[in-house]
Structure formats: C-alpha cells, structure tokens
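Colleague: Residue strings, one per chain:
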Amino acid sequence: MAAWDLSVKVEDLGPDAPSVTISVASDLHVGGVILKLVEKTQMQRDWSDHALWWEQKHQWLLRTAWTLEKYGIHADARLLFMPQHKPLKLGLPNGKTVMLRACFSNPVFQTVMGICRMLNIRHPEELSLLRPVEEKKKKKDKDLTEEIYDLTEVPLSSVSRPCLYNGMPAHFADSEQSEGVYKMLSVTQPPPAPEVIAKQYRPASVVDKSHIHGRWLDSSRCLMQQNIQENDRLWLRFKYYSFYDIEPKYDVVRLTQLYEQARWAILLEDIDCTEEEMMLFGALQYHINKVALSEPQMMSSNAALDDLESALQSLEVKMEGESSSASDLLENMTAPDLNDYLKIFRPKRLTLKGYKQYWFKFQDTSISYFKSKEESIGEPIQQINLKGCEVAPDVNVAAQKFLIRLLIPAPEGMNEVYLRCENEQQYAQWMAGCRLASKGKSLADSSFQSEIQSIRSFLAMQKTNSGSSNNSAASDESINTHSLVSPRYHKKYKPKQLTPRILDAYQNVAQLSLTDALMRFLQIWQALPDFGLSYVVVRFKGSRKDEVLGIAPNRLIRIDLGVGDVVKTWRYNNMKQWNVNWDIKQMAIEFEGNVNIAFGCVTADCKIVHEFIGGYIFMSTRSREKSDTLNEELFHKLTGGHEAL
Amino acid sequence: MDDIDAMFSDLLGEMDLLTQSLGQEIEPPEPHPSTSHQIDFSVGFTGLNASLHDLEDNDLDALMADLVADLSETEKKLEAEIQGLKAPPSSSSDLPPPPKGLGLQPASSITSPPSPGNNRSSSVTTTSSSTTSPLPPPPLQSSKPTMEEIEAQMKADKIKLALEKLKEAKVKKLVVKVLMNDGSSKTLMVDERQTVREVLDNLFEKTHCDCNVDWSLCETNHELQLERTFEDHENLVEPLLAWTRDSENRVLFQERKDKFEVFKNPQNFYLWKRDKKTLKDMKDKDKELLVQENFCGTSIIVPDLEGVLHLKEDGKKSWKQRLFQLRASGIYYVPKGKTKSSRDLICFVQFDNVNVYYGKDVKNRYKAPTDFCFVLKHPQIQKESQYIKYLCCDDAWTMNLWVTGIRIAKYGASLHDNFKTAERKAAVSAAMWTNRSTPSSSSPSTPSPTIKAKAATQANGYAPKQQPGPTHQGIGNLPAPPPLNEILPPPPPDPVLPPPPPSLASKPPPSKFPPPPLSMDSLPPPPPPPPMDNFSEDPPDFLPPPPPPTSYSSLPPPPPPTSYNSLPPPPPPTSYNSLPPPPPPAPAANFGRNINKSLPPPPPNPEFLPPPPPDPVFVASGAPPPPPPPPPPAPAPVSAPRSASQLRKMPPAPPKRTTPSLPAPAAGGDFMSELMTAMRKRTDQ
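Same order as they appear, the protein sequences are chains A and B. Under our numbering, the letters of the first sequence match residues 53 to 697, in that order. Under our numbering, the letters of the second sequence match residues 244 to 928, in that order.
No lab work stands behind these hints: they were computed from the structure. Misleading hints may appear alongside valid ones.
[Stated by the list, open to error] With a Cα cut of at most 30 Å, we get these calculated DSS-like pairs of lysine-lysine:
| hint | chain 1 | residue 1 | chain 2 | residue 2 |
| --- | --- | --- | --- | --- |
| 1 | B | 560 | B | 632 |
| 2 | A | 544 | B | 560 |
| 3 | B | 413 | A | 491 |
| 4 | B | 581 | A | 544 |
| 5 | B | 530 | A | 413 |
| 6 | B | 583 | A | 548 |
| 7 | A | 597 | B | 516 |
| 8 | B | 579 | A | 546 |
| 9 | B | 413 | A | 425 |
| 10 | A | 689 | B | 410 |
| 11 | B | 603 | A | 620 |
| 12 | B | 516 | B | 606 |
| 13 | B | 581 | A | 439 |
Because the structure is a prediction, the values reported are computed rather than measured.
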C-alpha cells in the first residue's frame, strides 16, 4: 500500500514547534503511528499516557489497534499528540480550588470517578462537573488571587487503591503539602465573612436556578469534546441528591464536601427555608466550626481507628482510667452545688412589683427559693420543677442585663417566671442548669460544664459584635453571626439580635459530636420541602408559555412560572419509558395509566434533562447486594444519548 | 484503699436494704415518703382503699407477683454480686450491674460508658477461644490480668453495683388501671423505665387479643376532652405523672387504626393530593417504596401538608382562619398579604414541647366550626389554658392527615421502628395462634410444618427492607433452626427434657458459628416460632443464633449488661434467679451480645427459660406451656403463664399461676369466645 505523509503536532515539543511528519500507510494501526512518532521525536520520557487527538473530528484515537483507514484518516487530518491527563482547576463544594490531573479522553463519568478516587470521595456517580458561573471581573478584585491547592504532582498510578496511612489515603501522605490538601478536603471551612457571602452570585428566582443546571457537562463525552482546555476551571458538585450509604468512617471527605455544598446552598438561598430553620442551620454551622477547631485531629484519628485492634486498645485505656479512680466515679455522681441570691419576677402576677431577691437553690431538675441563705434549711417558699419547661435568654451584655425567661408548664397552663442574674458568670451557670433541667437532666449531667462554656462563648460573641462589625471570620469566640445566615438576614437583623436567636437554636445541638452535627445539618437540609430539586425551564407540548420542570430524586414536578406553584407531580416509579427526539430536542415520557408528557428544553440541553432522569433511575437501582462496584455500563445505558448507543 | 473498700461494702449493704424495703413497701400501696408519687397516681381511683377493693382477684395476683418479683430481684442481685466476686476476672467485670440499670438512661450515669466497654472486651476474650467471634481475637486481652488489676476491677464493679442500686431505689412505679374495650379493666404495675410497647406486650399476654399492630394505649383527658394515642417508644409513667390528683383521665387499651396507618397506606398521606381512586389502587410495591423513600433515607420526610385551618388560641373565644403549612421543623402559617415562600412563613409552633391530641366535642364546648379538631399543648397542661392551641379541619380525613403528619415530624424514625416492632410482634403471635389452634384438629406434630412455612413467608415479607449484608443474608433466611424448634414442642410432654436441643441446634447453625452447641446445651427445648421474624429483620451483624428466648436463657451470667443496654427494660431478673450458676459463660456472652442488640422487645418468654437440668421442679411448674401437648385447649395455658412472666418481675415460682390451671386465669370463661372473635377477625382480613 502506498505510503503517505502524516503530520502530527506533538504537544510536548512546545506550541511553536513544527509538526512532526511521519510516513505512514493506510493500513498502519494507530499504535504504529504513535511508535513512529515517538521514535522521531527522540525524546526520552514516559509516553504511556499520550494519545492522538483528531482536531477536525473532535475525537480521540484511543483504539490503537484500529488502522488509519478504519478511522478514516487521510493526509489532511490535523492530529495532536498529547497526554490524556491534564491539569484542571477544580472548584470544590467548599469553595476552595484544587489543581489536579484529570482525564481528558474518557467520558466525563469516568473522569469524575478518577477525580473522586484522587480526592477520596466514595460514590462518584453522585457527582459531576459543571461549568462555573462567570464571575464579574472587577479590577480591584484582581489582587485577591485565590489559593490553589496543587495535587498535580501526585502520581496517577498511586491513586488506585485508597489504603489508609496515618488516617488519610496514602497518596496524600507523600508530602506536607498534599497533607495540607487533605486537611482542606476533610475539615470543614470556617464560616465565610459576611461580605464573601454577599458578594457571591445568588440565584434570585427559579429561572435563575435553572440556568445553573444548564451548565452540567455531558457525562458520556470527554472533556476535550466539550471544549474544556488544560487548566480550565470547572466545578465539582454533587449532582444527584440521592446520597447512598453515607458512612462517616469512610466518607470523611464526602461528608465534609456534602456539608459544604449544603451550607452554601442555604447561605446563598439556593434552597428556601424558614427563619427558624435558618437559625438552626446557623447554630449547627457554629457548632460544627467550634467542634472542628477543638478537635482537628478527630477526623483523621477516627479513620485511623478503622482497625479493631486499636479501637480495643483505646477502649482498654479508657476503662483502666475509669476503674482506677473510684473516687472520681463518686464525684461525678454528686451534682455540683448551685445556689445563690437571684431576683425573681412573675410578669403575670400583678401583686409582685418588680424583682424580688431570694436565695435560690438548684436541686435535681428543680429550683427552690428561700427568704435568705440562713433559712435555706427549712421549707422553701416555692419549688419550681423545670422539667419540660421552655427556657429563653434575654440578655444585653452592654446593659448588663442577664435575664432567664422561664415558661413553666403546670396543669393549669404555662407560668412565666423571670430570673435575673447579676453577672455573666452567674448567668451562664444558672442558664446552663435551667437548660439541662428543662430536658430532665440534673446538674450532675456531664454536659453541664460544656453547656456553661457554650453560653459564655455566645456572650462573648455578643460582646465583640456589639462594637463595630468585626468582619474577618476568625476564631471561635468571635464569629460574626452574619457569617452563619443568608444575606437576607443581614438586612433584617443586627448580629447582636441574631446572637440570642442562634443561641436559642444552639441549645438543641450543642451536645452533638462533629459527625452527628454534620449529619444533622444534612438531615434538616434534606427535610426541606424543596430539597433535591434541579430546575429546567421547559415548554410543554401544546403549551405556549415557558414552565419549569423540577427534577427530584423520586419525581418530576411541573411548576407554573406565574404563580410559582407545583401544578403536577409525576413519580419515576410510575414511569414506563422515556424517549428523546434529538432532532427536535424534545423529551417524551410515558407514565402508567396512559399519561404522556412531552416537552422541549429551553435553558438546558435535553441531554442534561435526559441524563438527570436516567441518572436518578440509576441511583435508585443501587443496593448493597450489588456491592460497591459501580455499574458503569448501566449508567451509560440510562443516561447516554444516541451516540453512546 | 481499704477505707474505700469498706465504705463500699457498707454502701452496698445499705443499698440492698433500701431496694428491698422499697419492694415491700409497694406491696400495700400505702403512702411512703419515698414513693409519694405513687399515691397521687394510683391512677384512675378515687381512693386507695377503693382502689384496692376495685382490683379483681387476678389483678391482685398479678400485682403480688410483681411485688414478689421485686423482692427476689434484689436477692438475686445479691447472689449475682457474690458470684461476681467469685467468678474469674473477665466475667466478674460483667456481673455486677446485670439486669439492673439497663433501662436507665445512659446519659444520666457515668457508669454506663464503662460498662459497655467492659463487656465488649470481655465478651471478646471469652469467645476468642471458641473462634466464633466475628471480631479478631484481641491480642491485648489475652495477657492475664495481674492481681492488682483484678482487685481494681472488682472494686470498680462494686462501685458500679452501688450506683446501679442507688438508681434502682429511685425508680418510680405506678399502679395503672387500664380500661379495656369491653368496659372491664386490668391493673398493672408499670415502672418508670417501661415503654408503652412493653406495657402493650404485657397486656397482650393478659388479654389474649390478636396482638395486631393497631392495639394501642390511649390517654384521655376528661377535663379537656382530649385524647391521644401513646407512641410505643414513649415511657408510660412520665405522661401519667403529669396528671393531676383526682384526675378523671383514663388509659385505654384499644385498637387504633390511625396509629400505623401511614405505614399501611403511605400514599394516603404522602400523595394525598392525588385522586382517591389511584390511591386506592396503589400497588403494594409502590407503597413499600413510599415508606422506603420517606422513612428509610438519611432523613425522615414529612408529608407535604398545606391548607386552611381554623385556629383558636391564646384563650380567645373566636376562631380565625389561616393558611397553615407543615414542615419538619414545625407548623407555619402564611401571614396576611405575604406569599407562600418559605422565607415569609411565620412559625406557629415547634414540636419539641407539645403533643398532638384529638379534641372531642369542640363544637359544643368552644363553638368550633367543625368537630374535626386537633389540639397542641404541653403534656403537663391538664386544664383549660390559653396555652392550648385548637385547630379545626374541614373533615375527619384532613384532621387525620395533620395529626399523622405532626407525629411524623415530632417522632421521626421512632414511628417506623415502632411499626416494625409491632408488626413483628403481631406476626409472632399470629404464628402462635395458628400453632395453638391447629393441634386440636390433628396430631400435634403435623401442623407445625405449615406454620413454619407461614412464619417463614411472613418473615421474608419484610426481609428485603433491611438488606443484611450479602454474607449474612443466607443467615437471615436460615430457616433451619426455628422450624426445628417448632417441631420440638410436641414431643416433650415433660418439659424437663433438656437433651433434645443440643443435637438439634448443632445441626443447622454450626457452619456459621461454631460455638453454639456449647451454649445450646444450656438451652431448654423451647418451641417458639417467633424468632424467625427477628432473623429476617435483623441487622447484618446479627448472627443466627438460636431463637431469642433460648438465647435469653443462656444469657444469665455475665454478659447481660451490654446486651441489654440497648433494651429499654431490664429483663426478667427472676429468670436468672432460677438459673443455676452460669453455664459455659463464654459462648453465652457472645450470644447475648449479638442477639439482644438487635432484639427490641425483651422476649417475653420466661417460660422458655426453664433453667437447665438442675432445677427440674421449676421447669415443671413454670413451664407447662411450651409444649402444647396434651389437650386441645392448650392455647390457654400457653399464654396465661406467659402473661405473668411477661412482667419483668415474675416471681421465681408464682404460686397462683403455676398450678397449671388450664383455663386461662385472666380471661376466664370468655377466653374461648375471645379466641373466636380473634379468629374471625383474622379470617376477615
């Protein structure tokens, strides 16, 4: 067969270097081309990751056994010889950017699998890549160059198996720098400064949100085919809100990033919630930050406890510690004494004018009061059982007002009682006591001291916030409460007003461990009515106006744009089949009971919608029997377009 | 050190006296300083004397039995303690706190953390020899503890024991009169730590009802004309303590269809907007999926409820309409002139401090627009108050939707757990019913296979909900052990027959877990078909040990603390009492752990507990039931003794019960008719 000249650009020679020309025949297979090419360049290096990219056809020549003829390559083909893995700037859910080598030649689904393996995130099928929202480039922002965590040096080969070393996957343990990256991945970020939140793009309407979902990359095509270039920036996000089998022990990074994504969704009002819920989210963020700071090693050491032996070991140490100190045990049994002069006021009873001072004594879950300390041996004037009562703070540090408002249940209704404390210290103790008692715990409860601590740190917050706005989201004690809520509440409340409300919500979560707090945050997020909805503007067949299709893990909903109401819901489990007409870009879905719907997609390619639906159906097929191996084929079958088949 | 030692032995003595005296004092429910609560709350009676008169004979019997059990419990504890001191270190560590404080809230005690730890490690040590343990034998443990360590350990144990006793002494017990459907009543002693589920189980034993999942305990408030169903996981005593002196409130034992309706027909709650017909034609598979989606995910999903309700609050007389919305975090309403968007909603109530009740007769009492009213109030409020919130719906169904929705938001996963437990319980008793009724028609041995089949299918019915790990799956369905047991009952007319089980037991399970034969030796020949369900339902870590009751019996010695930790109520201590010194402690320990963790309700089957050989007399008296051998009316005795034993404090040999009076002591003559109705009900379904 006649030989002809094929010119190939070799990326490693530099952008300006001339193409390398080799003499080939049409029956030469791609592997042979590469071999010739490598010989010709005379460069000594590892070429194993390199492959040929055919520019005109927008296609990789990955089948090395195929001949040029089979590929249909002629002398006019512009070929590029380059590595398949290239650096990519990846925006993580926590807002940080990591630079790593991602595969540009495999379908995005596999690329994401590779990225997740590198980052140690299980169940990569739930994540995908998304083109970022263009940031408005203001000139003055230029100087704020963001920190980029570099993982490009991690050899790809070492990533294959996530064996733990020192509590982290081995490939992170290579250098101090990569250990730092792992820490960034696995530890929650401190609350962002309020301006950072305010500056971020916030979708204002359902339509805005639907535009974001038009940015997802196509999972069945590779990055190169989607015009992603080396060093481009993409976002890695959880795409399918169906989080399978979260296991805090193995999912340190996954859980952390999921929390971060949820947190930002709340802060940026990507998902709506009520004020009460916002306060609880705020309290959880505060708590998570605090716990993460106080036990930064917890996460990794937890993972290290992976093996049972060490768990037993630590258990034994604990036991020894406990059994040896018999007196400690007893000490713990006896509740600390709490008694003092306080002032009491009953708003409902008109007879008592103002506050009256008595000697108060805390016993079990009740408080009793006496005329004076000297008379405290006898019968109290009254004993108030606090179990089941409501406790609310009314504090103004600047005005030195430390009030505990109690709403005490009685058969006749609720009785209001105010206790006034003299100073912070006293207030913190009595408040902590009342809180515990309201939950039926006595002062002997181990959480008493920590409760006091948290009350004091909230008081401290109020102190610092009452001055000028302290913006740098910094240490534990001085968090600006505006960092914990969405900008809407920045306008509505001053930090000072926000603090007691968050504190109020905080008392219900203050005892949670880091993992539990993260899980609680996710649970509340998942319980929000709009959770898991991805929006696309569509036009239903026969309809003249745009409407919104909401895609949830278990159903599709049709939203009227005018009213904002859900008009109709279809569940996937009633779905019989769905078809895509790629030519007219229309999706047709058939449900049981002869329900047929068809729509064209306005804000997103219909491949995206198709992939969402197929993806969710794929997610629902996962089960433990099928073990952890990902059924990639099924995913592509369900989500792939016509090309994939 | 010696001082401390002495101090503790003193303390222990004191404690024993205290607990004992407590038990005695309860016996005649007379006022006593430390139990003052009790007087106020010998619920439902106007006076104490009257209450005593009110009690029917068998009630008294039951109460007596309870009380005697209390006494023996303390004795037994002593015994256990002594054993603990004698026993080798590893097991001794487990002994002291045995059945006792298990029900106590772990949060409140510093002792609880250590004890689980203790047990875990020790159970591992003990099992390591038998290699069955799923855990790799911990090398650390194998080294023998030094004398000092042992001493220290013993001391710590004593302390723990003392602390447990301190707590035990404080446990409140109430005498509760429960009204039956037919107007009769039963009187029970309920202790603070018992959950409604346990009390229900108790009542099942006493009433021979069909044990279906709808049976509930309800509270009525006479003064406010309110009513609510207790949730199975609640403690019963606590809400009763909120009742006022002389209150006319009642506790009812009733079938309440609404209790678990959401799990039977989830579509009616989660897809209520759909048209009625599609809801009715819902396939079981889709129902199951709905339950799965809403209750088995990471988060519990509350039905999406929204609608205009009539509200009366703040003690005002008027009713006003508002658009309400239910969310996981509470009930909200849309303020005037605002949109329905989440951020504008105003919080009406959060559920931490309120319970939801059905209001009765509100139209008359409060001029309500309709009679379909639900009420939110703090459980302690017992009288008219401005803090009670009344909400009126347009129809009964809407009311039901809201009440159920609120319960889901308030109790979350517990509701589903309750349902699963109740379902299990119902399946077990259903199997028992068939078991009991069939023998009459044919020879006792023939029916059992059918029953087995039935039980098995039922079990498999929900097995898929919780997929055990692949490895365990085989085990989960392992039908082998239970059927065998089932076939067992017929033969032993003399229940003292301990030999059969070992051989039986050794057949099926050994492959999975070597040690059983050992422990099985100590097993009596129990007939219970129930375990099957537990098998299929249980989490993966559940090994296929012999049926729960049996395991129970093998439990006695050291391990209880851990195993029971997860169990609300303390197990029937008396059963241990009758048990001779611990059998091979090693496997038992292992068993205890595995089983009881996954076993929500304490298998109420002390009669299966016939202590191993040494004590034939007991077996004979205490366990006539298990084998339903001779006469067809066997069913009655089976459940009768159980009822007593069900109470956690069954006396070693309750005098009255044990005389195998075949006609059920409690139900007397009605029993057959009750049985008939139950049967009819079942066939109707």
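Colleague: For each hint, tell me whether it holds in the structure or not.
Modeller: Verification of the supplied hints:
1. 560(B) <-> 632(B): Holds, because 12 Å separates the two Cα atoms, which is no more than 30 Å.
2. 544(A) <-> 560(B): 34 Å, violated
3. 413(B) <-> 491(A): Cα-Cα ~18 Å, so holds.
4. 581(B) <-> 544(A): 16 Å, holds
5. 530(B) <-> 413(A): Not OK: residue 530(B) and residue 413(A) at ~55 Å, beyond 30 Å, violated.
6. 583(B) <-> 548(A): Measuring from Cα to Cα gives roughly 28 Å; hence the hint holds.
7. 597(A) <-> 516(B): 25 Å, holds
8. 579(B) <-> 546(A): 25 Å, holds
9. 413(B) <-> 425(A): This hinted pair holds, its Cα atoms lying about 28 Å apart.
10. 689(A) <-> 410(B): 62 Å, violated
11. 603(B) <-> 620(A): This hinted pair is violated, its Cα atoms lying about 36 Å apart.
12. 516(B) <-> 606(B): 28 Å, holds
13. 581(B) <-> 439(A): 37 Å, violated
When the structure is compared with the earlier hints, violations turn up for hints 2, 5, 10, 11, 13 and for no others.
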